[in-house]
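Enquirer: The chain contents come next:
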Amino acid sequence: MDTLSILLAGFISIVIVNNLVLTKFLGICPYLGVSGRIDMAFGMGMAVTFVVTLSGTLTWMIDHWILILPGLEVTRYVCFILVIAGAVQLVEMYLRKFFPSLYESFGIFLPLITTNCAILGLCLFINLWAIDNLLEAVVLSFGAGIGFTMAICIMAGIRENLNLADVPQCLKGAPITLITAGLLTLAFMGFAGMIR
Amino acid sequence: MSKITHFIQQSWLLIVAAFFFGLLIAVTNAAWQPRIIQNEENKLNNLMAGLITTAQKFEIAEKQIELTGEKGKIIKTDIYKALGADNKTLGFAFVASGPGFADKIKLVVAVNQNFENFFGFKVLASNETPGFGSKIKEEFFGNQFENAPAKKLILTKIGNEEQIDDQIVAISGATVSSEAVVKIINNFITQIKDKMQNKD
Amino acid sequence: MADETKAINPAFYKNTLLAGLWRENPVFRLLLGMCPTLAVTAALKPALTMSLSVIFVLICSNIVVSLMRNLLKPHLRILMFTLTIATFVTIADLFLKAFLPGMSETLGPYVPLIIVNCIIICRAEACASKNNLAISIIDALGMGAGFTLTLCVLASIREILSTGAIWEINIMPNAFVPSAAMSMPVGAFITLGLLLGLVNAVTAKKT
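Protein chains in written order, with our numbering: chain E, 1220 to 1415; chain S, 45 to 244; chain V, 12 to 218.
Hints are computed from structural coordinates only; laboratory data are not their basis.
A portion of the hints provided could be inaccurate.
Restricting the straight-line Cα-Cα distance to at most 16 Å, the calculated cross-link-like pairs of lysine to aspartate or glutamate (EDC-like) are [to be verified]:
id : chain 1 : residue 1 : chain 2 : residue 2
1  : V       : LYS108    : S       : GLU84
2  : S       : LYS166    : S       : GLU190
3  : S       : LYS120    : E       : ASP1351
For reference, chain E alone in the conformation it holds in the complex (with noise of 0.2 Å):
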């Protein structure tokens, strides 16, 4: 039962309180790109959920078996990248080949998750946060993504709106967006201190 609140605490707070993209100021990037439709933003969410949890585990279980081993620490950063970029090769083909029509509606987005900062970011911050069992890096993977999704969908809900409103010229696209989502942050930022 323990084990267990501790998973659903270490859920809960990275999605809501911890959230990578509106806390951490990772994801940024496809955050700004993607969130113009809801469905669009939604598929993106969800191979960022798929690509993370599997980046997550991997790295984390490198870094506990393999970078332990002494003078390996400092490759630690190519090891990490180098396997994010290996699961986002998988993604890509196994997409390729069971739902090629996902796969064309992605275009040039799916490879541009590696070099998606919330990706590596979390794989670092599982590493300074020590945490120290399987279950919980992957549940804490899982969640990021799930925090990706929730934040680019409510990104995208808000600026589908924002299309019928009346933006001055000069702040149209990623200004209105960026000032947006600072205010998306302020809201999240009633989470904190929820879960310690």
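Since the structure of chain E is already known, use the hints to place chains S and V on it.
Expert: Quick look at chains S and V alone, frame taken from chain E:
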């Protein structure tokens, strides 16, 4: 055989580059790692020296003793002994850590040699809300711990912060951070006091 | 023939250098590298440290990629770029930990995030893998300068408004009440959004 040659033909650059880069990183690491370790030790020593100002040097009294953290996890920390002129024990210092408002808080806490009073604490690492939680690093909060009794401290919202006793006045606007610091110190001092006094 | 190329080259170099600063400023016009921009610009010192690290990695990776540009196999090139960048970021991180430990702590996990900084990979892909060494270096310098400029402007605004000081030197009068919100994510997003809007307005008026 042709598959392997084909593979090597495609990826020889990758393999060579990986080897070369690995070498580069290894060399840089070997060159700078001692400095990095030194930096970390210096930081800890500076903070401890700031707390126990009359100490000449610090030695490790207990290495890696195990304590139970606030969430039930086992935390390991070192206890340092502060030695003054003619090797008299002036006090003990240790790194205490625990969850804060935003992230983990790491503190350096110093007590006198009988575990009766605190010398005080300094923040080793924290990520609290700037302008509010970050005030745990300031004098209003820190000064209240100087010479406070080394037992479980109580956090209060209002009170006299100049009076040195076991009541600590919280920082207004940063109740959670203040409480976190008090909890961390309480948790560590009770267990360390127990272990060290049972030893002697 | 030789005279012609010599005449083109200096102007071309200057053009490339200036492009990174304004016309193709990576953050304001190309909208790349947002993550570190928002994260480290709470104060001027970390912003400057971060941008200098990015310049270092950008130059080194552009040099290496430009040197190997004729040897790259098409489907492995992103992997090569990533490997190169990761190596130089590791070196930069070790340097910061060894010589600027205070800054290394403040910047925290955002230094290794330079690896996924879109600016560096995009410049490697768009410029260094197609041009010779000299142009790649100049491009790196230009983009780096533009990035530095953006980060410093953003950081100065945020630092002055949130603590009344710049580079930890107090410059605002005592009557100024600092707004802590500026140093939090809210302030970051809103300031960047408004700055972007300003840049859009200025460039729109010109055309």
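Enquirer: Confirm or reject each hint.
Expert: Quick rundown of the hints versus the structure:
1. V/LYS108 x S/GLU84: Roughly 9 Å between the alpha carbons, so the hint for V/LYS108 and S/GLU84 holds.
2. S/LYS166 x S/GLU190: This hinted pair holds, its Cα atoms lying about 11 Å apart.
3. S/LYS120 x E/ASP1351: Roughly 14 Å between the alpha carbons, so the hint for S/LYS120 and E/ASP1351 holds.
In this structure, none of the earlier numbered hints is contradicted; all agree with it.
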